[in-house]
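Enquirer: Letter by letter, the chains look like this.
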Amino acid sequence: MKFPSPSSAESVVAITDLSRRFGPKVVLNDISLYVPRGSVFGLVGENGAGKTTLIKHILGLLRAESGTVRVFGLDPVADPVAVLGRIGYLSEQPDLPGWMRVDELLRYTQAFYPGWDMAYAERLRAQFGLDPAQRLKTLSKGQMAKAGLLAAQAHRPDLLLLDEPSSGLDPLVRRDILEAVIRTVAEEGRTVFFSSHLLEEIERVSDHIAMVHQGRMVLYGALDEIKAQHRRFTLHFETTQAEPPVIAGALSISGMGKEWTVMCNGGRTELPAVTARLGARIVAEHTPSLNEIFVAHAGTAALG
Amino acid sequence: MRSPLVALAWEIWQRGRRAACLAAGSVGLCALVNLAAPESLRASETGQALLAPLYGLLMVVSLLLCFSVFNYTEFNSTREWNGFPYRLFALPLRTWQLVALPMFLGVLSVELLYLAWMKLVLTHEHIAMLEWFGVLLAAYMIFYQAALWSLAGFRITRILVLGIGGASSVGVACLPLFMAVVPSPWFSARRLTAIVIGLAMIALGIAWASVSRQRCGGGRRRSWLKAQLERIGDVIPRRTRGFAGPAAAQFWFEWRRAGLLLPICTALVLALIIAPFAWFNRDDPKYAMYVLVRVIAIPLVLAFAIGKGFIKPEFWSPNLALPAFLGVRPLAAGEFVISKLKVAALSVAITWLLVVGFIGFWLRFWADTTQLEQLWTQFRMFYPHSWHAITLLYLAGFIVLTWRCLVIGLWVGLSGKRLYYIGSLCLQVIVPTVLLIAGSIWSESIDAEFRDHPERVQSIVLSSIGWVLALAIIAKAWWGVFSWSKITSRRTRQYLLLWSGATLGFIALGVLSQPPFDFNRLEHLYVLGALLLVPFARIGRAPASFAGNRHG
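Chains A and B, in that order, give the protein sequences. So in this note's numbering, the last spot in the first sequence is 304, and the numbers never skip. So in this note's numbering, the last spot in the second sequence is 856, and the numbers never skip.
Excised from the complex, chain B in its bound form (with noise of 0.2 Å):
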């Protein structure tokens, strides 16, 4: 390779190959689907109903696929970011081709990707606006780049961009589609194409302009919060004894790792998006319960996102294996599976305090509760008698859920294997997405069939989620008897009484809350449903997951 232009691209397919190979698989695979399938199936509504989601589907993931290739990143341990190859900076080019060099690449690999797609696979399919697609495709890959390169030192905020940057993308694709109902010259796709070539000009330059400070030594993560939090932090009174054993040592090491980040974030959410949101609608009484629902809501999804990071060895660590610093302590992996389940517990304690503080004092001081009065009448009667346990194990009920979406995948993050956590972190994405997508395309047959037989479907269907549930129940307790089988006998007691004790609570919500009229006899569903919601096995096998990655 006499060029280093050719070298780093060379890299970079290096780097990437197996995800590019998937991507132009997926395309390859659906093509031949195309040309195999005889064109009466093809032209068909059913044809196309069957072929549209699968063709859908991967294409989406070979576009994320490709956008994974072009995540042209590494971790700097001087700086203790991942950014721009900091390596790089020693070659003798210039920034502007470093910057440029993977742009170009990451730009002409989606087009023609994008290009296949569209010539290859959906050729009976009526595209509207093609080449609008095909400029915000290749805007969306420089400012995913310059996002990653500019924002190397700013992790927590990075990962905002990139997920509010990625879930808009959808409605900025979908703008000139409002041009029929909205007919405003902002509309129309040759003005916003203009747009966003200029904006993408603008990430252009802002990445070069980052790289290069960061070539000569500059774009420090240090900002000024932290360095200000950091002074907070040298003020506030620290723990000077000692500590009464290992597993204190060990919860206050996870504590401080993590067990602040929920609270913090649910007290940021709270106070920066819903309480202002709350605070100017205050006087509309539907907006009572909406607030209500998403103030509930939120521990439960910050948890199931922070969760990702607490099941780790190291929450703010990418590397999954377990640091030398933990392996050699002497402490049995049970001790440190157990010390992140208690910190788990006080986290989630502290922040549904926090919730319920706040529920108190927006409906005390600002809420317009008249529509939730109404509905809260109505339970009452409803509930005539039953009605203070029903709300009592319904919030233990979410303290219990919220605890179980930051451990539930303890024995995934603790075993150091990277395919185990993507694989699960990819079901969780991905068999909802599918399910959506099924649901949609299917939504008028599915219809149909419910109007048409509805008694019918309605006994499928339960009997379904009866023997899916009962399957369920079964393969855990199987799977719990063999991953306690190497716990202690006393940790294995302790763990069955906080289980027993908060499945007995959700069985009780199960009963209590059928309503009174229960035609479809959904209270077995609602036990069954109990039996499985607070985790068993998985715990038990998180301490093996940890033996495994501290052994090697």
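So here's chain A without its partners, still in its complex pose (with noise of 0.2 Å):
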């Protein structure tokens, strides 16, 4: 599938064709993919569906095997430093050394960034009510998902990348997390590219996303256009239909009896007579959540 792309000038990151695998399995197979500056990217995915490969990539982890990789316009590879002094990193399990002391971690990461901001760090730290003696391996679970995003944030990088954030977080730290990144996006501009299967999350936050399945890139867009293309019908059929209807370019059917519900990606004009053919007629038209949307998307991809 190929999807529309902003010219790299405008991209934070900007991935071409990027394929990669790990022994027989495909992880990423063909993916292109465009950041744009200041936005908030959600990338959306099942489990093992190749987010946390696709963020290894841009943050220079993995080499690309086909296709590239440019962030900031450069090679992450190539240029490691340079693209990662403008990068701010929170990975799904912060693998921040439990030796630490919470002052100690952002003493040692303030070192490797001159943006770096004491006071915008201290009002984080105190507002995550992390101790600064405490020592990292004593932290709980969202208390340290806390440190690991107050030392990614505090130099406020001109990427925020964030994998996985909030899995197997209390929706309180979840919260924290989320107003956290909204803030720093909204006060600055900045673009914040983060990854999460939690669909609610991707939706109240992101501008931007994609989705993933199975390597594959299958949607790919800004959020209020992708759920503004999204429809789904409700159709009332005369008589009871032992099988699901046949509708061209419908991404899901599901129902029974004489009750059926369709999902479009567009297609809305031409859908009234296709019904009409069928002995169908349409009772209700809702705009999908983004969960729907990525099921039918998800069920799609697999069948094809």
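Hints are all accurate, no fakes.
Stretch-level coverage of chain A by chain B, calculated; a stretch enters the list once three of its residues show a Cβ under 8 Å from a Cβ in chain B:
1. 47–60
2. 80–91
3. 106–115
Just so you know, these hints were derived from the structure itself, not from any lab. Glycine included, C-beta positions come from ideal geometry on N, C-alpha and C.
From these two lone chains plus the hints, build me the complex, please.
Expert: Laid out in structure tokens, this is it:
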């Protein structure tokens, strides 16, 4: 599937035809992706879809086997210092060194980033309720994620990369993280790229999304446009249908008897005529949630 | 698989099948050789001299492989230890079943392997006390697994216990042989067998109790000593200033991980082993030289051992992959390596200060220096004009060699490739072992050759060493050019300067310390050797290894 691509000058991240194998398993298959400057970009996909592998390519922690990866117009493998100096990164399981204390982590991290804002770091630390003298290994999972976010964010990076930042966290911590992300973006117009399989979370904060399924890109674009393009129709048939109706272009069809639900990507104008030919009428039309869109696309990709 | 025990046995097989196949393959190969070789060759002295080292080496390797198969441990991220597989605690099995199964399979396997060697391969060897060795192997397997599981939370202690146990196991195996020299009932194979079986039963009980405790959430690794150390650490004033730059921050990071380990270990060995030994033998002059040699060797030996961890991206982690925390730091690969080199240098400097301080203190206060003074006088008479320089150069040489032991393997450790890492470890252990075994087996022929044709042997040996050294220098220079070509010229110049300084020191030492009557013209060998001592090519390769690890 080919997707529209903005010019690389507008993109903080530009990935073209990226593929990656781990042994016989194809983890990324011909992925092309552009992250516009100043956007909150959500990467959606089920567990094992290839999200973390994609993020590792952006960080230069994996070398592209085929295709190209450019971050700020640079190759993150060839020039890691220039690229990583402008990125803040929080991984799903922050592998922060447990022997360090919170204040040592901040001072250590500060040394690598000339743009480190100590006042901002201190404000975030107080907001997250982290004790500067506490050893990282004694922090809870939520506190560890907060410490990782603090270290990733306090130098006000041009690109904040969050890999499943809220996985396994309680709703309160999740809200803290998301609020921090939103505030950062809203205040300073910087770029956030984050992956999650929590679609409500992505829907709440992202303005652009990419959907990865089994290493393939199945959906990509501005969230509003994607939601506007997708429609969920409820069809009522005069007679009971033993088999799901066949509707060309439908992403998913579910239901039983006389009531069937059809998810379409575009094609709103053709559907009334198609349903009339099948002996049905449209009784309701909804804007689907991102969750429904994802399930529909994942099902289509699995079949196709 | 209907039975959970069968499923567990299958899992052990799956985990260790390669090692098991290798062990079985070793026996099979030797059995085939044994079958194929003509009877006259197998029975002859020459044939036995040829085959015995091969059989002996492969037998030891296969037994080690068998023990590795039953290293039934997994890393527990919650406890941060490598112990009995934690996930198995959730299985509906009794603890004694969980413990007994791997032990039973381990004992069975090692006994079958031993039997195969005895019945299929070593058919022409007269091996005394077959049963005794069989019992010992089974007991060692139980001790080994008991130590692995019971000491899961005590990493260093476990390494020490396994190391000391492994080293002393050879001595224990030889105990019945003393019966011929000292006819004591304690050396009788029957009594020793009963003791070993009793101890194995106790070890089994300890392992069972430990695993039961771990299953109920016990067996915490946080020891009293560690808690006290952390308390002291909390009291000591901490750094509150920021770092001057990324290099300073990375130096601090590396220093906090492993910088003090060599000085602390050296201090402990000096304080707990050498100092008491020297004190108890303070009136015997012949022990002074003995102690001095060991004190000088300690930093080198410890650096060799600690270096195996130091060359990894993270000293305390069993994982060789670069942690993402370090991988995403905006710091060039070369700078990471340089921070490690600097930490090693500071660590070695502190260590040698301790050693020199200890030697000074010991010689001044309680050593009987009669013999040492004689040797010192002879040394000064031998080198009347250069003894100052030689002494200083020796000290500098030992310091450089200690540093070399810490950093020489960086290119392997930082690569993240377990095969390279294990391979280099094996080479460092197996090659000297094979040479030792070969030397001991052919010692009589070698001695005879030396006795009958001393000049010819000397000439062949010396010229061979010369050629090997020359070829090694050519390879080093070639690889050095290749490995340093991708590093900034500023860093290349800096290291070249250091390398030249240290190498010139070794060359000077080689030239100065040659005997006044150099009949064999060894000077050129010293110079060639000096050119090889300070690492150059391998250090130059380390940043590329690091980058390879960083970028997958």
